[in-house]
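Sequence order for the protein chains is A and B.
Sequential numbering from 118 applies to the first sequence in the numbering used here.
Sequential numbering from 117 applies to the second sequence in the numbering used here.
Rather than coming from a laboratory, the hints here were simulated on the basis of the structure.
Keep in mind that a hint or two might mislead.
As the list claims (entries may be wrong) - Which chain A residues face chain B? A few, computed with CB under 8 Å, are given here:
no., residue
1, T373
2, P375
3, W588
4, T590
5, R594
6, Q666
Note that this is a predicted model, so its numbers are computed, not measured.
Every residue, glycine too, gets a C-beta built ideally from N, C-alpha and C.
Below are the chains, spelled out letter by letter.
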Amino acid sequence: MMKLHAKTLFCLTFIVGLLVALPAFGASGSTLEGGFKLIPALILIAMIVLFITIGFMNKAEGTSDYYAAGRSISSFGSGMAIASNWMSAASFLGMAAIMYGSGYHGLSYVVGWTGGYVLLLVLMASQVRRFGKYTATDFIGDRYYSNGMRLATAIIAICISFSYCVGQFGGIGIMFKWILGINYTWSVIIGASVVLTYTLVSGMLGVTKNQQIQYVILIIAFLIPAFVLTFKFDYFWLIPPIGYGQVVSDIVAGTTTPYISSLGHPMATVPTPEFAMPWDPATGKDFFQWMATCFALMIGTAGLPHVIQKFYVVPKPSDARWSVTWGLFFICILYWTAPLYSAFGKILSSNPEVGALAKDAIVVYTAQLGSVHPLIVGFLAAGAVAAAFSTVSGLLVAGSSAFSHDIYFGVFNPQATGEQQMRMVKLATVVMAIGVAGVSLLKLGLIAQLVAVAFSLAGCTMFPLFLVGIWWTRSNRAGGIASLTVGSTISLVVIAYFIAGKYGVSFPGKDFMNYWLNPWYFAWIAGPLAVLANVVVSLMTAPPPVEVQKHLAETVHGVK
Amino acid sequence: MEGTTNYSINFFKPRTAFLKENVRIILISITIWAVCVFGFHILMKVIEKPTPEAGYLTYEQVYPKLSAGTASAQEKAELARVYLALIGKSIALQNNSALKGGLTALTYELLPPGEKEAFKAATTALVSDHKLDLAYVQRALGVENDIVLKGMVPFAFVPMEGASLSATAPEIPGIMDKYLIHYQSFLTDSKLFGFPFHYFYSAVFLLALFNLICLVYCYVIDGVMKKHGMESENE
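Same shape as in the complex, but just chain A (with noise of 0.2 Å):
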């Protein structure tokens, strides 16, 4: 208790002193693009000392307590928890990137990454925490009784992590860009060591307390600006998930307001119906496209490792629900207000004055041109890098951890020291992020679409796997092996077409594959058919042994 004071107490004091402080350098800041802004990089300086401080102050004791917080977190906090790791750059940008760009279309991604939590409690939360494992990986391997499964699983693994990492260090490389007003590339090495040395030095520390307090503090980042933006244009900004839906209809029909943007353009706009109409031809994306993205992100999400582990913090099954429940509804507070940004975004930056704006940072262009105080705006852009930062530092741990435990330890020297492992978490580590920064440089898509990529590998991979190794007694090591090599394959060959396309080589079939099987949503049929393969191959195989079966009739389904 004392030592939940202590924390409430150190925040407190931040916090006051960081409003108290930072007003002195107010008048920086006030530009789209541009020079150095001193208030961002102050404040994004302050929030990770913060972030690094609380997790020294929770510094995990040893293995278990790193990799489930010792099974004592409450399902309240292990929601927050979830929460704070899942609100990425992704969320945090990538998200009202999409809707601005591509109006209707961008909501398959909200409903998406939320519906996938219905499929994850309903399928898989409770049963996963009874299935006693710490790790994706372990569960697979021995849910299929095969060391082979556990190290093409902890590979697909790294892959997920290293595909979701470059979407998150595209994010930091243009909220980089905008804090220091150097270029793109620059802002991505910049970044990139800054987020490396983060995770070495926070990697080993408290990561789900941690967690909590990241999250508190990366929502009121984000809300602030929304009630600003909504009661400065005289919305109902009360509620501003609400409040914003008049900006929406406004933008349909065409508006003129007395209001003006800091760039002193009236805040007006031509009807623009394909902002919300449904697959519109002038987006370029239709019905189908959207519900593919939709349902692919939805099994997605259900089978990312790093959201599945967050199961066994808990020290109940029944916590393992709930911690989903909470973790639901503490996403849906970003995902209700992120489309405000797209809307206002859209608004304010109609004038034909303010050009081409890079999509991912339209919710730190919406606040600045809606002249939102720069210390807000500061607040928010540090918000997002905080935001990229979490979710890489932990993706890179559990990338590198998986080299290290799975593939290093488990395969190529069973014998190493718990010194020698470490110091392959670490080069691991390095290796990967210089990795992810190497192919954030290429600038393959937006965020939010680079990520998709991930949920799209989770999707054909893990999440079959668990569904099926969890229902259905009879899937066997051969299927699970067949389901894991259809995945990965129609995985492999969507990315080599996407790369390749992306270099001008046009592989046969390049228009069927970019329809039908986009790096975005390819998962919407690789899924099923990964479903399908282990069914088959299970049928045509022997059962799996009688104590996998038992331990999941008994341990896992309470079948005495």
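Could you slot chain B onto chain A? The hints should help.
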């Protein structure tokens, strides 16, 4: 299946009372979830109708006359405003040379003879400063009192010198179809809390529904667990 029957778990063939109840709750939850997400969007797709904007109706009336050379000055001005509004829709259209060329040609036709050469010279200067903001152009287009369209004028033209511009460029009908026809129904046209209804449904209601499904599921399944003596406090 020899020797393993007692441990058999199959989602579609639950064999204990607890599993039957659990699967029933899961199926109800997933059915509500699927119908509300995918069912609603399928419904929207089924009942939607191509709905043109007012500008498209103007285009349909005037464009054939313009092609035939029979459009009046007033009709040309109306069509020019449609082109101008389109340019205001997006950055992509602000960079669309066919549309801007069409508007430039149309504006040239609308100007009185004494102003045509000045306009031509002004568009030539666009190469260097990319802006053209002339009161007589606003007047010719009838947008001098329209704060939104007036703001588009400086960005709406291309250089005329040496270019072959046409108000009826072959790309224009495609642009009109793509940007001025939307798929609408009563679900998109009705309003709730200021939102177009379908937008509210996806952006606000569905998220609330997911929370509700999770909440109800947790309460119900906790009760089922208790009833069947599962998940004791010590577990």
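Quick rundown of the hints versus the structure:
1. The restraint placing T373/A at the interface with chain B holds, with a minimum CB-CB distance near 5 Å, inside the 8 Å limit.
2. A cut of 8 Å between beta carbons decides the hint on P375/A: the least distance to chain B is about 10 Å, and the hint is violated.
3. Interface hint at W588/A: satisfied, since its Cβ lies 4 Å from the closest Cβ of chain B, which is below the 8 Å cut-off.
4. Interface restraint check for T590/A: the shortest CB-CB distance to chain B comes to about 4 Å, inside 8 Å, so the restraint holds.
5. With a cut of 8 Å, the hint placing R594/A at the interface with chain B is violated, because the nearest CB-to-CB distance is about 15 Å.
6. This hint holds: Q666/A has a C-beta 4 Å from the nearest C-beta of chain B, less than the 8 Å allowed.
In terms of the numbered hints stated before, the structure departs from hints 2, 5, listed from lowest to highest.
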